[in-house]
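Visitor: Quick mapping for you: the protein sequence lines, in order, are chains A, B and C. Each position in the first sequence, counted from 1, maps to that position plus 38 in the working numbering. Each position in the second sequence, counted from 1, maps to that position plus 62 in the working numbering. Each position in the third sequence, counted from 1, maps to that position plus 148 in the working numbering.
Rather than coming from a laboratory, the hints here were simulated on the basis of the structure. All residues carry an ideal CB built from backbone N, CA and C; glycine is no exception. Please note: incorrect hints may appear among the correct ones.
What the hints assert, rightly or not - Derived, one-sided and incomplete: chain A residues facing chain C with beta-carbon distance under 10 Å:
hint	residue
1	LYS65
2	ARG71
3	GLY285
Stated by the list, open to error - Under the rule of at most 30 Å between Cα atoms (straight-line distance), these lysine-lysine pairs were calculated in the DSSO-like manner:
hint	chain 1	residue 1	chain 2	residue 2
4	C	LYS180	C	LYS154
5	B	LYS111	A	LYS297
6	C	LYS172	A	LYS298
7	C	LYS323	B	LYS312
8	B	LYS312	C	LYS274
9	C	LYS298	B	LYS259
10	A	LYS298	C	LYS157
11	A	LYS267	A	LYS46
12	A	LYS298	B	LYS111
13	B	LYS312	C	LYS275
14	C	LYS180	A	LYS343
15	C	LYS157	C	LYS215
16	A	LYS267	A	LYS43
17	C	LYS157	A	LYS297
18	C	LYS154	C	LYS172
19	A	LYS297	C	LYS154
20	A	LYS65	C	LYS172
21	C	LYS215	B	LYS259
22	A	LYS297	C	LYS180
23	A	LYS235	A	LYS267
24	A	LYS343	A	LYS95
25	C	LYS172	A	LYS343
26	A	LYS43	A	LYS258
27	C	LYS268	B	LYS312
28	C	LYS274	C	LYS323
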Amino acid sequence: MALTKKQKKLLFTNLIRSHLFDEMVSKRMVSGRLVGFYHPGDGHLAPGVAAASFLQKSDYLSPHHRAHGMPHMLSKGIDMKYYIAEHTGKETGCCAGRSSFHFCFPEHGVFLMSGFIGYNFAPVVGLGWAAKQRGNQQVVMNCSGDGSYNEGRAHEALLMAANWRLPVVFFCENNGMAIFADANEMHPTPHISSMAKAYDMPSEIVDGQDVFASAEAALKAIKRAREGKGPTFIEAKTIRFREHDIGTPDLLGSAPRTKKQIDQLRARDPVEIATRHVREKGIFSEDEIAAIYEAAQAEVEAAEKFADDSPIPDVTEADLMKQVFYNGADV
Amino acid sequence: MTRELPLIEAIKEAYIEEMDLDPNVFMVGQDIQGGIFPHTTELVDRFGKDRIVDTPISEIGMFGTAFGSALVGYRPIVDFMFGGFLYVSGSEVLVTLGQQYFLHGSQTPMPMVITAGVGSGGRLANDHSLFPKADIIHHPGLKYVFPSTPYDAKGLMKSAIRDDNPVFCFWHLSQMMDRGPVPEEEYLVPIGKADIKRQGTDVTLVANGWMLNHAIEAAAELDGEVSVEILDPRSYVPFDLDCLLTSLAKTNHLVIVDEDYRTCGFAAEIMALVMEHGFDLLDAPPVRLTMPDMPIPGGYLEPIVSPTPEKIVAAVRQVLV
Amino acid sequence: MTHQIKMPKVAMAMNEGTITQWYKSAGDEVQKGDVLFEIETEKTAYEVEATASGTLEIVIDSGETVKVETVVGALLSGDEKAEPLAVVEPPATDEKVEPSPTDIVAVPVAPIADTIDRIKASPLAKKLAAQNNIDLSQVQSSAAHGRIKKRDIEAYLAARPASMSTPQGGFERVKLTPMRQSVSDGVMKAVNGQAMTPNAIEINMENLIAVRDSFKAQDEAYAASISYQSFFIKALALAARDVPITNARMGDGYIDIFNDVNVAFAVAIDDSHPAFSGLVMPVIHQADKKGVLEIQQELMQLVARARERRLTASDMQDGTITLSSTAGMVADYMISTPLLNQGQSYIGQPGNIVERPIVRDGELTVGKIMSFCFTFDHRVMDGVPACHAASRFKDYIENPSLMLR
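Next comes chain A alone, as it looks inside the complex:
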């Protein structure tokens, strides 16, 4: 189904915002102004924007660690300043400064992050089951990488979602690499989505560098889910331009990726592709594009300022112990 101009505008805006947030967080990581670590999203930004831009607030979203889910979350309308505050260890962060880089925005249907690859799969089964029980046409958008589909959990989730016809979209963002390992060497078939056939689940392969193409596929799958027709598997072929996480060398297998290799990959920059499209199709003027950048930059700076002005939590171990279990009363 073709996207409207309005939809394309939204996607482009979210893509630029994602790009600037990713750059800011990467820089802060390199200059030691971030707690924890960061998995940069440069090159791998479009799938998250496509997956989340058209979700309702009541839909559930499970992002992953690439760009720390910022493209996904900001596209769903979540205020990133609370995530930046969390990532700088401040008490105003979405996890009370407790988690270093985990996200949790229950009001917006984003519930957890974990260091275990494929952590999404068990919870989304439950979220999908609850959505189906309640019959509110909620959708579960599950975004994770190629590596996550190596996990046994992924297969169990696919099986159960298909078996129970859960309203889950399995959005696989395949950037071809684990940390260093080549995804092709870690999978018996060239396409991750071929496993959907085993569960009688419809699947689609899209160009993950093209935010518009990816969004079309996402919208189709979301509609299917809302109509009670069950899960869909989308495989977005995307690219990671930088290292897996800042501080880890950028290798493919055991050899460093060369500048030549990266330059070739960068030829398919999602921001450039989307910009070309909105210019050529007359969706945005140059001034409008400049304004989008300006607004995004202001948003990024405001988020940083909020984080930097916020205090570090002032708590004792005894205070924290009281928070381990829910006690019923307001804690």
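Chain A is already provided as a structure; the job is to place chains B and C on it using the hints.
Guide: Leaving out everything else, chains B and C in the frame of chain A:
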């Protein structure tokens, strides 16, 4: 001849020496060919992809590769990268592995080493700061050692690889780059023997891993006021109780620092052993410093809940009151 | 405004970094976002941007390797042109966290209240006390928590009299026999636990001697040589009957006044080791209700069993008052201060019968006199009933017919 090596390089030397010696030794993990941590970098160039094996992100399958091959003559080293990831393959690692030899009539020894980086200090929150210990020690059939210095790291890893049983030999993420003397000549550190890292007369301070660094700092701070004896267990299963009791006979006071959650941690086990075997040696109730019973927070909260040199100093003073 | 530039920790396996190249020079005006320098860690290189604007100060030159968080330079803005910054090594740990009292959860947060009055001592201290025969109730704890530790035992030993040191002539150390240990323990407990008040009176034995002689002159079957001891036991039992408070024991806030008068009496026997003397205390139960002959017969049996070491538990239990004796211990007259038995409040200890000058009807004459020393627990009773009982004892001995009831 000794030279100074970082702990992680000392471990790498152990791998290289043992893999040179025995062609059945191989490594299996995720992204070990590239080497996320320095102990496996460039090993694939020396030993090839069939001995430095990268798997998909399939912990159960990865562990299964090690388990199955160990049944039939291979001696795998399985690297979980971060210790907490072993729980993804929980039942295989904790139950199936430990019971294999015993339950099947003691016919099939399982020569395996399980390794990973563990521990806190990086402000990475619970999943990346886990230090699997008490639950592994608790499950029968599994040996567990932990080196705290480069010397012990190389020696224990070699012993672990040579042992015909499953041996867990993790290393601490915050000690990865700590440098220390490592002999050039071949040597082994025996499994089951503790080490007195500092002689003293007033208090026995049990510590290992990154906590050993803290303990050494605390002991230096107390120099002149309290003579602290630091005991590094090095081995948890089997545990060198004799060394501990000998130390306690001298000092009569016990402080245990254990980087693990509090309830049913190994500190509790040491206290139980001392009550059973060394009750009359105690001149005061033992003191344990552990992580609290809470998921390890990240951000700036990690040091609030962790044992620190200051807390150790306070605990030593308290036990002597 | 001075904005410090520090060596960042970019990677997990990074404790230090090397500045490979400064892209700006000292004194340059730098804008926020300009690339300042390149750092190299074990495997990777990174460009670090300025996060503020200002004039650049360089502290660490290119080619140098420093620990993460070390100040490598600064950006100065405003009129301030501060002196060159010194090289500041980062603190060893991120934050010095002062442990709050709740951080050290080691010592029990809320010790269970001891309802029983118990002496707290470490296992080591208990062992040392046992080895040195120290009564822990005699030892003071030197700490607020009240637990006796090894150092307290050592202090106690150091303060002991010099008799515990090694004399020139050396000594033979004899391990305590069970009997000696038992007497030693019992006596210590009594001395520590009871308010012992020793007293003495004298008794005129003339009439009792006459009664005893008249028994001897009778049919041998009856006589059976009734010892003075039996008369004393009977007399004490009757005195206890007359003054019930002497037949009692002290508890924690209460006194048990016994219904029966069971007189324990001391028998000297051999101990298993020749170095020690031995002592046992068999009991005549309900002595106030028994005739003197009956008491004598029981006494004989008990003494015989004592000497053969065949005393049973029931022979020795339930004593409520004690009759001891120093007769024969010395050749002549003696005043003694008997110690109470545990669980009792009164002990009477007659001595030898000796000849002494007495006054009778204003005339000086020779009398047969015996000392009667008695000790009572002043917690249980005061002087009046204690002496009253002693007076009754004296009455019974000086007027034996009163014992006929």
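Visitor: Take a quick look at whether LYS157/C and LYS215/C sit within 30 Å of each other, Cα to Cα.
Guide: 9 Å, holds
Visitor: With chain C as the partner, please determine if ARG71/A meets the hint condition of a C-beta pair closer than 10 Å.
Guide: 7 Å, holds
Visitor: Is the hinted pair LYS43/A and LYS258/A satisfied, with a Cα-Cα distance of at most 30 Å?
Guide: 17 Å, holds
Visitor: For the pair supplied as a hint, LYS111/B and LYS297/A, is the alpha-carbon distance within the 30 Å limit?
Guide: Within the cut-off at roughly 25 Å; holds.
Visitor: Given the hint that LYS312/B pairs with LYS275/C, does the C-alpha gap stay at or below 30 Å?
Guide: Holds: LYS312/B and LYS275/C sit about 15 Å apart, inside 30 Å.
Visitor: If you take the shortest Cβ to Cβ gap from GLY285/A to chain C, is it below 10 Å?
Guide: 3 Å, holds
Visitor: Taking 30 Å as the top limit, are the C-alpha atoms of LYS297/A and LYS154/C close enough?
Guide: 29 Å, holds
Visitor: Can the restraint linking LYS298/A and LYS157/C be considered satisfied, given a maximum Cα separation of 30 Å?
Guide: The hint holds at about 28 Å.
Visitor: Hinted pair, alpha-carbon criterion (30 Å max): LYS267/A, LYS46/A. Please report holds or violated.
Guide: 26 Å, holds
Visitor: Just to be careful, I want the Cα atoms of LYS180/C and LYS154/C compared with a cutoff of 30 Å; is the pair within it?
Guide: 15 Å, holds
Visitor: Mind checking the alpha carbons of LYS274/C and LYS323/C for me, to see if they're no more than 30 Å apart?
Guide: Satisfied, since the Cα-Cα distance of roughly 19 Å is no more than 30 Å.
Visitor: Does the structure keep LYS157/C and LYS297/A at a Cα separation of 30 Å or less?
Guide: Since the Cα atoms of LYS157/C and LYS297/A sit roughly 25 Å apart, the hinted pair holds (cutoff 30 Å).
Comparing the model with each earlier hint shows no violations; every hint is respected.
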